[in-house]
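2 protein chains.
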Amino acid sequence: MLYLSKFPFKTQKTAPKTSDNKSTSILLQAWFIRQVMAWVYTYTTLWLKVLKKIEQIVREEMNNYWAFETLMPSLSPREVWEKTGRWNSIDVMFHVPAANNKEYALNSTHEEIITPLLWEFIKSYKDLPICAYQIQNKFRNEKRAKSWLLRWREFIMKDAYSFHADNEEFMQYYEWMKQVYMNVFTKLWIAKDIYIAQADWWTFTEKYSHEFQIKLDIWEDVIFLDPKSKECFNKEVTPCTIPSPNISDDKLLERQDIEAIWIIWVEALTKAFWVAAEKSTKTMMFETDENKFIVASVRWDYDINTLKLQKIIWCKSLRLASIDKVKEMTSAEIGYAWIYNLPDNIELYIDDSAMWLTNFETWTNKTWYHSINVNFWRDLPIPERFYDFKEAKVWDKNPKTWEVYEVFKASEVGNIFPLETKFSSAFNVTFLDENNKSKTPLMWCYGIWVSRLMWVTAEYFLDEVWIAWPEQIAPFKYYFVIIWEENIDKWLKLSNILNTNSDDVIIDDRTNVWFGQKMSDAELIWIPNIIIISPKTLEKGWYEIKKRWSKENELVQFNF
Amino acid sequence: MLYLSKFPFKTQKTAPKTSDNKSTSILLQAWFIRQVMAWVYTYTTLWLKVLKKIEQIVREEMNNYWAFETLMPSLSPREVWEKTGRWNSIDVMFHVPAANNKEYALNSTHEEIITPLLWEFIKSYKDLPICAYQIQNKFRNEKRAKSWLLRWREFIMKDAYSFHADNEEFMQYYEWMKQVYMNVFTKLWIAKDIYIAQADWWTFTEKYSHEFQIKLDIWEDVIFLDPKSKECFNKEVTPCTIPSPNISDDKLLERQDIEAIWIIWVEALTKAFWVAAEKSTKTMMFETDENKFIVASVRWDYDINTLKLQKIIWCKSLRLASIDKVKEMTSAEIGYAWIYNLPDNIELYIDDSAMWLTNFETWTNKTWYHSINVNFWRDLPIPERFYDFKEAKVWDKNPKTWEVYEVFKASEVGNIFPLETKFSSAFNVTFLDENNKSKTPLMWCYGIWVSRLMWVTAEYFLDEVWIAWPEQIAPFKYYFVIIWEENIDKWLKLSNILNTNSDDVIIDDRTNVWFGQKMSDAELIWIPNIIIISPKTLEKGWYEIKKRWSKENELVQFNF
Chain A
-6 MLYLSKFPFK TQKTAPKTSD NKSTSILLQA WFIRQVMAWV YTYTTLWLKV LKKIEQIVRE
54 EMNNYWAFET LMPSLSPREV WEKTGRWNSI DVMFHVPAAN NKEYALNSTH EEIITPLLWE
114 FIKSYKDLPI CAYQIQNKFR NEKRAKSWLL RWREFIMKDA YSFHADNEEF MQYYEWMKQV
174 YMNVFTKLWI AKDIYIAQAD WWTFTEKYSH EFQIKLDIWE DVIFLDPKSK ECFNKEVTPC
234 TIPSPNISDD KLLERQDIEA IWIIWVEALT KAFWVAAEKS TKTMMFETDE NKFIVASVRW
294 DYDINTLKLQ KIIWCKSLRL ASIDKVKEMT SAEIGYAWIY NLPDNIELYI DDSAMWLTNF
354 ETWTNKTWYH SINVNFWRDL PIPERFYDFK EAKVWDKNPK TWEVYEVFKA SEVGNIFPLE
414 TKFSSAFNVT FLDENNKSKT PLMWCYGIWV SRLMWVTAEY FLDEVWIAWP EQIAPFKYYF
474 VIIWEENIDK WLKLSNILNT NSDDVIIDDR TNVWFGQKMS DAELIWIPNI IIISPKTLEK
534 GWYEIKKRWS KENELVQFNF
Chain B
-6 MLYLSKFPFK TQKTAPKTSD NKSTSILLQA WFIRQVMAWV YTYTTLWLKV LKKIEQIVRE
54 EMNNYWAFET LMPSLSPREV WEKTGRWNSI DVMFHVPAAN NKEYALNSTH EEIITPLLWE
114 FIKSYKDLPI CAYQIQNKFR NEKRAKSWLL RWREFIMKDA YSFHADNEEF MQYYEWMKQV
174 YMNVFTKLWI AKDIYIAQAD WWTFTEKYSH EFQIKLDIWE DVIFLDPKSK ECFNKEVTPC
234 TIPSPNISDD KLLERQDIEA IWIIWVEALT KAFWVAAEKS TKTMMFETDE NKFIVASVRW
294 DYDINTLKLQ KIIWCKSLRL ASIDKVKEMT SAEIGYAWIY NLPDNIELYI DDSAMWLTNF
354 ETWTNKTWYH SINVNFWRDL PIPERFYDFK EAKVWDKNPK TWEVYEVFKA SEVGNIFPLE
414 TKFSSAFNVT FLDENNKSKT PLMWCYGIWV SRLMWVTAEY FLDEVWIAWP EQIAPFKYYF
474 VIIWEENIDK WLKLSNILNT NSDDVIIDDR TNVWFGQKMS DAELIWIPNI IIISPKTLEK
534 GWYEIKKRWS KENELVQFNF
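Chains A and B supply the protein sequences, listed in that same order. Numbering of the first sequence is given in our numbering, commencing with residue -6 and proceeding in unit increments. Numbering of the second sequence is given in our numbering, commencing with residue -6 and proceeding in unit increments.
Same shape as in the complex, but just chain A (with noise of 0.2 Å):
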């Protein structure tokens, strides 16, 4: 029980003005929070109960399928990153140098602390599945806190990790996993607005590779929903099609190239010849981590989604080329180097934004001169494929149903990531198979924001005033309003007659403030249960409870 008489318990008349947002506010109005540096909290006991609650949830779920839970270190060595490649890769870890001219690793991620560990469990397919998880601070070294919540430097997560013998096994603790996630969020209410969404991965299927997001004004991602067949993705990977059929002229017209000097910029050019934005290209020359050179075109209202281009060439990493590249390679400047007029054996990736471009206008690979009228077949060959690597835009469609995809912001409070064999493969995991051949193990990992979803809850239940908690994570169940010191003997004996947990029980026997207060202070920090003792009811044998979620108020009889 929490005495509210012995703890420094003081809630803010209005809430007060942040650079954060208004559940941030009232957080702080209402005791949850206390700000120790931009974007950093120290959590009073009303928010580490919610956290608490939140974690056990988590914990739970995760139990009920058979993933155990651990503790990891927060250091570990240099050498088990170095093992992996991943010490200088991860730009987000930090180094932290020690003594004895050591560097440890302030672990942003625990793929490399738990393979080896778990490499002792997996002897023979019959260890398989295997899934262990912690609930722990991870840290990253951000440049900037992208988001009030989403980007911290310290934070709490649910971090899974899981060994396969193959990809059919693995698909059914996948369909486990995705119950364990749905369950978490069903408890904290938020369920109804969670979107998995397809993400980004180097995947043997895009289907195991998601996103859990919910849909917030606090947002990070912005998600495309195909609102029939129900498909999901983040912005980053979706998959489109133009919204309106292109428009097709009747006639080809005459193509003209056009000397216009110190108009670089497509938008002045649109301008200066009245060419319609949908009547333009937008080229990019890039060159792959094997330097392949490769041309890129969008229509001009488009942009290049370099992660969706980079699966189509299959490539781990696009660059801008270079001047000079892109001068040896079409000789012309950097800024004039189009579609038309390209060497014949340079790569050339066009999307199909532009399929059905008719006299479109291009620069022309020759200094200072682009061209309009230009028409596929007749000025430049047809390629034998349109591809899809524009980045999707509102009003966009599915190209598999021809939806027009809905739009909306969100934030990602978990994930399901395949590792493949990466890190099987660099400790050297491995095990013996229903034929006694040695396999290594396929690996998956599993996340979930606890600490964001902490914060993203609070946004998710923000009414005008307060936040209004979801049952189970409400950081006390009961406020007992005590009005008459005299009250006591009769009050402890209720809470015990509720039969509820003491550590859910707040006491406001504050005897500095009044009555209205006392209300006031247990509406704003939302308690779902407030009961009243009034020395009038009291006489009768009466206790008023108010509850926050039913509205309802009653009436009830002790029974001493």
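Hints were generated in silico from the structure; no laboratory data involved. Some hints could be false.
30 Å max Cα-Cα, derived DSSO-like pairs, lysine-lysine [said to hold, decoys possible]:
# : chain 1 : residue 1 : chain 2 : residue 2
1 : B       : Lys3      : A       : Lys432
2 : B       : Lys(-1)   : A       : Lys415
3 : A       : Lys119    : B       : Lys470
4 : A       : Lys221    : A       : Lys393
5 : B       : Lys136    : A       : Lys76
6 : A       : Lys3      : B       : Lys171
7 : A       : Lys95     : B       : Lys15
Each pair of labels, with its calculated beta carbon distance range [to be verified]:
#  : chain 1 : residue 1 : chain 2 : residue 2 : range
8  : A       : Ala92     : B       : Glu53     : 50 to 56 Å
9  : B       : Glu545    : A       : Ser117    : 38 to 44 Å
10 : A       : Lys10     : B       : Asn428    : 34 to 40 Å
11 : B       : Lys309    : A       : Tyr58     : 56 to 62 Å
12 : A       : Val85     : B       : Lys15     : 47 to 53 Å
13 : A       : Ala92     : B       : Lys540    : 43 to 49 Å
14 : A       : Lys45     : B       : Phe379    : 33 to 39 Å
15 : A       : Ala92     : B       : Arg248    : 46 to 52 Å
16 : A       : Glu161    : B       : Lys544    : 33 to 39 Å
17 : A       : Ser117    : B       : Val387    : 34 to 40 Å
18 : A       : Ser117    : B       : Glu399    : 53 to 59 Å
Over 12 Å on every C-beta distance to chain A, these chain B residues come out as not near it, computed from the model [to be verified]:
#  : residue
19 : Thr35
20 : Glu62
21 : Ile149
22 : Asp250
23 : Thr299
24 : Pro376
25 : Pro392
26 : Pro463
27 : Ile526
Just so we're clear, the structure is a prediction, and the values are computed from it rather than from any experiment. For each residue, glycine too, the CB sits at the ideal point set by N, CA and C.
Got chain A; can you put chain B on it based on the hints?
Positioned in the frame of chain A, the structure of chain B alone reads:
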């Protein structure tokens, strides 16, 4: 419930050899821990459950005495540490380079975080005392792991901080906190071997600076206990007097100055001239932080305890004087500077171990020369006062009671230290006293080494072949040994009848191990109640319960 068939639970037949101690071997054997690197372990489910139970005991006891729980960040900005001048003075604190040329502290302690936080709640004397705590990871950049479990780079601590109006008010609070600590140790069944030892601290009174030490062979500290007065000291601050009266000769012999080229070490000297060790002195020259030159001398068989000496001189630090300084002050080479023949103006401190010396040996402040048969009064002045700055040894006595100390090894598991106004002043924390005058509150801090307590408890309850867990922190309360799979319904019902939290039940439903293995696993991980359901007893409607601590074996009737 933990179903063993679903977990990678694998005990080992014998305890593996490790560089660590016996209990670690058993923890490895019994699937509690797995090693990540030297002195760094991952906790499996079993060990984590012990940890969480200890945390909960600490939490409940702290809450009972109105301390409120918080959670502070692990990273903090350099600026708050610069405010108190501790950025560079805490030598074990990790400094973490971060993006944008920032540096964070990876907190080894939290005074700099909690003080500005609690500031808000301290307006008037009515708001005091106030105490906040957290249970959290601490990080320390230790040069070496001093002993297997005591000096880790990463560990879990309960750290509490309180503010007080004055010493009187604090003294009552101190008694409460001592009670909290002893309640925790009582619940862990270790209270009878906990000693409250006076520790080193700069404080208004030595009474309120204590370490809670557990008598144990896994040790870091040596404790001196007065068996009658029960006064208890950490060796580093033990006041002491020599055990036997000094050998005072009847007759003063004639002093001799002897040239003793190349004899520098007292050992060689005592051998060469047949001087008894108790007839010789050991002298050292120091400079204080204010560059004062100090000469200190003890009887040869004692060492100088610089902490004790510092308190006598009342200086913050002592360093050995340089060769040049010694020569300048004593006009002798460094090896020959000794108490005899010193210039008059030198500050000389003589320990009381040398008080009754007659005909003793000393160097003579003349290179190559020393003297034997030196005597106070005749050869050098009797000092106005003899001090106590010797390092305590076995057989030494308490100077107050003249009782011979009991001496034993111990590990610190908790502490209470005064911080006076160091942090309140640095952060300008003030309050209004009863006369409406602004005052600076006094601050105390309170540590419980939570994760160390866990390892210490394992060692403390170490039997020959297992660790016999106290009921309250055993990882689980019941271990169901299932022999028939057909029993499932019945034992599930049984676990309900026991009315225990299902989190406290292990079900050994493994089908690939025999009964004997299940029993020996149950015994090895030491679950206090083993419940065996065998076909025979089941038929008769009985189950068998084996209680570890009481060593009772009972057959109990099922009641379905």
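Tested hints:
no.: 1; hint: B:Lys3 - A:Lys432; verdict: holds, 22 Å
no.: 2; hint: B:Lys(-1) - A:Lys415; verdict: holds, 26 Å
no.: 3; hint: A:Lys119 - B:Lys470; verdict: holds, 29 Å
no.: 4; hint: A:Lys221 - A:Lys393; verdict: holds, 11 Å
no.: 5; hint: B:Lys136 - A:Lys76; verdict: holds, 25 Å
no.: 6; hint: A:Lys3 - B:Lys171; verdict: holds, 28 Å
no.: 7; hint: A:Lys95 - B:Lys15; verdict: holds, 29 Å
no.: 8; hint: A:Ala92 - B:Glu53: 50 to 56 Å; verdict: violated, 37 Å
no.: 9; hint: B:Glu545 - A:Ser117: 38 to 44 Å; verdict: holds, 40 Å
no.: 10; hint: A:Lys10 - B:Asn428: 34 to 40 Å; verdict: holds, 36 Å
no.: 11; hint: B:Lys309 - A:Tyr58: 56 to 62 Å; verdict: holds, 58 Å
no.: 12; hint: A:Val85 - B:Lys15: 47 to 53 Å; verdict: violated, 41 Å
no.: 13; hint: A:Ala92 - B:Lys540: 43 to 49 Å; verdict: holds, 48 Å
no.: 14; hint: A:Lys45 - B:Phe379: 33 to 39 Å; verdict: violated, 58 Å
no.: 15; hint: A:Ala92 - B:Arg248: 46 to 52 Å; verdict: holds, 51 Å
no.: 16; hint: A:Glu161 - B:Lys544: 33 to 39 Å; verdict: violated, 50 Å
no.: 17; hint: A:Ser117 - B:Val387: 34 to 40 Å; verdict: violated, 57 Å
no.: 18; hint: A:Ser117 - B:Glu399: 53 to 59 Å; verdict: holds, 56 Å
no.: 19; hint: Thr35; verdict: violated, 5 Å
no.: 20; hint: Glu62; verdict: violated, 5 Å
no.: 21; hint: Ile149; verdict: violated, 9 Å
no.: 22; hint: Asp250; verdict: holds, 48 Å
no.: 23; hint: Thr299; verdict: holds, 23 Å
no.: 24; hint: Pro376; verdict: holds, 42 Å
no.: 25; hint: Pro392; verdict: holds, 39 Å
no.: 26; hint: Pro463; verdict: holds, 21 Å
no.: 27; hint: Ile526; verdict: holds, 22 Å
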